[in-house]
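Visitor: Each chain, letter by letter, is given below.
Protein chains: 4
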Amino acid sequence: MSVKINLNADIGEGHGAYSIGNDAAIMKIVGSVNVACGFHGGDAGVMRDVVLAAKENNVTVGAHPGFNDLWGFGRRRIDMDPNDLEYMVAYQIGALVGIASYAGIKVSHVKAHGALNNMAATNAEYAMAIGRAIKTVDSSMIYLALSGSEMVKAGHALGLPTSPEAFIDRQYDDDGNLATRKQPENVIKDPEMAAARAVQMVREKTIISRTGKPMPTEFDSLCVHGDEPTAIAVAEASRAALEQAGVEIVTLPEAFAK
Amino acid sequence: MSVKINLNADIGEGHGAYSIGNDAAIMKIVGSVNVACGFHGGDAGVMRDVVLAAKENNVTVGAHPGFNDLWGFGRRRIDMDPNDLEYMVAYQIGALVGIASYAGIKVSHVKAHGALNNMAATNAEYAMAIGRAIKTVDSSMIYLALSGSEMVKAGHALGLPTSPEAFIDRQYDDDGNLATRKQPENVIKDPEMAAARAVQMVREKTIISRTGKPMPTEFDSLCVHGDEPTAIAVAEASRAALEQAGVEIVTLPEAFAK
Amino acid sequence: MSVKINLNADIGEGHGAYSIGNDAAIMKIVGSVNVACGFHGGDAGVMRDVVLAAKENNVTVGAHPGFNDLWGFGRRRIDMDPNDLEYMVAYQIGALVGIASYAGIKVSHVKAHGALNNMAATNAEYAMAIGRAIKTVDSSMIYLALSGSEMVKAGHALGLPTSPEAFIDRQYDDDGNLATRKQPENVIKDPEMAAARAVQMVREKTIISRTGKPMPTEFDSLCVHGDEPTAIAVAEASRAALEQAGVEIVTLPEAFAK
Amino acid sequence: MSVKINLNADIGEGHGAYSIGNDAAIMKIVGSVNVACGFHGGDAGVMRDVVLAAKENNVTVGAHPGFNDLWGFGRRRIDMDPNDLEYMVAYQIGALVGIASYAGIKVSHVKAHGALNNMAATNAEYAMAIGRAIKTVDSSMIYLALSGSEMVKAGHALGLPTSPEAFIDRQYDDDGNLATRKQPENVIKDPEMAAARAVQMVREKTIISRTGKPMPTEFDSLCVHGDEPTAIAVAEASRAALEQAGVEIVTLPEAFAK
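Protein chains in written order, with the working numbering: chain B, 1 to 258; chain W, 1 to 258; chain A, 1 to 258; chain Y, 1 to 258.
Simulated from the structure, these hints should not be mistaken for lab results.
Some hints could be false.
Note that identical chains are pooled: a pair holds if it fits in a single copy or bridges any two copies.
Stated by the list, open to error - Taking lysine-lysine and the DSSO-like style, the derived pairs with C-alpha atoms no more than 30 Å apart in a straight line are:
1. K4 / K182
2. K182 / K258
3. K106 / K189
4. K213 / K28
5. K4 / K205
6. K205 / K182
7. K205 / K189
8. K182 / K153
9. K106 / K182
10. K106 / K213
None of these values were measured; they are calculated from a predicted model.
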């Protein structure tokens with residue numbers, strides 16, 4: 001197997017005196033990071049630190065826009081006018097582009113956060129609003145979107161470079177959607193299980209749902225997390241197993257271009 | 001007299017259901033607008049409306065970054081670490097650049113808002129922090145800065161295009177600083193007085209302080225306001241008087257390049 | 001007809017430099033006001049001004065808690081954990097009780113704002129969460145709740161004094177819910193029509209749906225609005241017509257106790 | 001020596017997904033806690049958890065109002081109108097009183113947070129504004145105030161129960177003010193040094209400045225911290241040493257009444 005795949009992770013979600021997740025560790029494992037843009041987490045100073053670290057680690061950065069809900073960490077569903085949503089996303093992308101100037105690096109992609117990502121997975125209006133924001137601000141940015149979701153369709157409809165992603169550390173329902181994290185067993189915390197799963201997913205281009213159903217799936221990127229105690233071990237084990245299986249971990253633009 | 005001068009005004013300071021000022025009227029009078037970037041006022045939707053209207057009116061847009069204080073409308077002095085301040089400004093500039101994509105227009109300048117502008121007028125660290133943010137995000141943007149202030153010095157020290165501005169509708173102290181708006185008589189509300197003052201300022205390149213002291217002053221731009229009941233009349237009368245005196249009202253880049 | 005009825009209106013929804021609605025005018029018309037508590041609108045200073053004015057006008061004040069969404073003015077539906085929602089409401093009630101000390105007056109009731117009110121009308125968990133917050137902070141406060149809604153049921157289930165309210169200036173669907181304000185014709189802007197409707201509602205204890213269906217309805221209070229250009233005229237005409245019909249406009253506690 | 005003294009600590013400064021400090025540990029050490037009220041930190045849910053835990057631990061709770069600056073964690077000086085400041089403090093006190101209903105406990109005191117506390121220590125207008133807020137909301141609450149500060153004067157001038165406090169883990173300048181925490185050596189991190197200092201302070205009713213100057217000082221309470229890695233050890237050692245020296249650690253109302 002000679003395959004290139006991207007690993008991505010959310011990052012930079014601290015805010016002022018608050019820190020969350022393990023940004024330094026996750027940066028060493030993935031090929032691309034999704035940077036919180038100050039609405040659900042993050043702030044201008046955190047963003048600057050992240051883009052400098054990303055450059056140092058040869059990791060590409062994407063905008064990780066979320067709802068304007070720091071208290072809820074962007075995990076609460078909010079019914080917004082799709083136009084307001086679009087401009088809100090454009091604003092956050094622009095803010096990161098501004099901050100990325102500190103590292104002299106390009107913002108390579110956009111991935112929605114939390115409840116926004118979950119809603120846009122099935123809500124075509126939201127999915128298109130995010131896509132239009134990307135297209136307007138910089139149509140060369142990759143729309144990083146849950147495989148099989150409305151976001152993938154929106155990305156294609158708008159002619160955007162669109163990369164489907166799959167999740168190593170989360171169970172899937174039989175309809176291809178992520179199983180809710182409200183049930184703890186849907187978050188995979190065992191590094192060995194996650195690693196085996198990652199290799200299987202890449203090798204077979206197939207996700208196995210939590211009931212055992214195989215679902216053939218195209219993806220350029222696998223998402224890992226850094227915000228749970230077990231997450232770093234899961235991510236490290238997955239990367240190591242993938243590399244041992246001959247998979248090369250690359251940035252998102254490289255995985256997209258492959 | 002064949003002179004080119006810019007008129008600038010703050011704009012887009014509404015937020016969600018709240019509106020303030022008279023954006024439509026002020027847009028017809030000035031050559032450039034300073035667009036609130038969501039921290040002290042404004043939001044992504046308001047910003048988009050403003051950049052579209054600016055394009056239609058052949059008016060250039062600048063970022064108008066302020067403190068992160070919607071409740072205080074950016075008028076409360078906040079002691080920030082200059083680095084945090086710098087990144088905060090870069091974030092806001094970037095956000096506007098992102099939104100300006102909706103109109104396909106360039107962000108021509110940056111002008112600090114309210115208490116941030118007042119503090120940076122005399123605080124060299126703040127003035128330099130704003131300047132570094134501009135230089136990092138886009139060093140071709142003009143630093144629009146109170147004439148004689150630390151901001152003008154910072155702009156020059158950083159090699160930025162720097163345009164001093166003067167205020168038509170505000171009295172000055174003898175040291176060249178703006179007299180406090182806490183004393184109502186320091187805000188000029190009489191259109192005729194303001195208009196005469198504008199012509200005198202441009203003709204003589206001199207500001208007359210509130211005690212009558214003439215202070216020779218270089219400036220590319222005159223600031224007017226749109227947020228007080230009398231402001232539109234003051235701005236309109238000033239523009240009319242300037243044009244009648246042979247002064248051409250141009251965009252800030254044109255006034256800078258003259 | 002010798003009837004006592006309460007008129008209530010939302011109030012105090014400005015924030016810092018932003019003002020909205022016509023608080024002074026509405027205060028002269030109603031018997032009770034619902035005071036924004038700083039989350040969807042309002043701030044500590046506005047709240048203080050309102051409680052002082054309420055005392056002067058012999059109007060009782062209620063807390064008007066909303067979602068933590070100033071940008072959306074509390075009009076966006078947010079999916080919250082009901083426990084978080086409950087404490088959020090208790091916090092806002094407590095804040096108003098604190099500020100009401102400036103006038104030495106009691107907070108007489110609680111009415112949810114905007115999307116929170118709309119959601120709690122049909123979502124029993126939200127309705128109970130609001131009720132539990134009231135019961136915990138001060139079980140003598142009246143739960144002012146849309147007639148026929150889950151909130152009325154929750155108030156009764158919790159043993160709270162519960163006052164159903166009906167809307168003068170809004171059309172109803174045949175199921176007893178408020179017709180959406182997204183369709184402009186569902187907001188009644190004609191003072192005469194509103195006034196006739198108010199008298200009919202009180203006289204017949206019946207709401208006529210927008211299709212003409214009569215729906216017998218108990219209520220202690222009629223809600224009017226102050227935030228649309230026509231709202232004051234509608235409210236004034238309604239009050240005048242009610243008084244001419246022999247209806248006495250009283251505070252909510254008086255209407256509840258009748 | 002048979003002395004009663006209070007130990008107090010800030011608590012409940014997490015927000016949503018963010019946690020900070022070690023609330024569970026500090027609650028076991030002190031006699032009273034100062035609860036963040038949602039402006040510089042904390043939120044309604046965190047506040048509820050804290051008041052329930054305080055009741056269980058027989059610890060009294062006070063409001064810990066701060067500037068409306070979550071990003072700056074209330075540590076940035078903000079120039080506010082003293083009236084706005086007063087109502088902002090009253091709002092926060094009221095909010096905590098509302099939430100304290102969940103534990104059925106009284107809010108025993110008020111202590112300003114961070115930059116607000118630092119400013120009010122020397123700014124009489126701020127100190128009086130905080131005092132007026134306390135007096136208006138509940139004049140039986142204790143104004144917990146840095147010994148020798150303007151806040152102590154304001155508390156006395158307003159006839160409020162006023163308790164001076166001293167700091168175990170912070171150095172003092174010779175003028176009696178806290179030495180800036182920007183210089184790390186001004187934060188005492190050695191448990192033994194802090195413990196010895198605590199006993200000396202209580203025994204001699206004297207603070208030794210960082211230059212060695214003895215400053216006789218009255219205080220009812222000693223402040224410890226829970227937000228630095230070494231803070232819990234410092235607080236535990238101080239409490240143990242005080243008890244060994246025969247000092248009884250009591251709630252603030254008990255220490256005030258002694």
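Visitor: All the hints need checking, so say for each whether the structure fits it.
Guide: To see whether the hints hold, each was checked on the structure:
1. K4 / K182: Cα proximity of K4 and K182: none, with 32 Å in one copy and 48 Å across.
2. K182 / K258: Neither way: K182 and K258 sit 36 Å apart in one copy and 47 Å across, limit 30 Å.
3. K106 / K189: Result: close neither inside a copy nor across copies, 33 Å intra and 43 Å inter.
4. K213 / K28: Answer is neither: 33 Å inside a copy and 51 Å across each miss the 30 Å cutoff.
5. K4 / K205: Cα proximity of K4 and K205: one copy only (13 Å, versus 65 Å across).
6. K205 / K182: Intra 27 Å, inter 45 Å, cutoff 30 Å: intra-copy only.
7. K205 / K189: Within. Shortest intra-copy distance 22 Å satisfies the 30 Å Cα cut-off; inter-copy 54 Å does not.
8. K182 / K153: both (27 Å within a copy, 29 Å between copies)
9. K106 / K182: neither (35 Å within a copy, 35 Å between copies)
10. K106 / K213: Neither: 39 Å inside a chain and 51 Å across chains, both beyond 30 Å.
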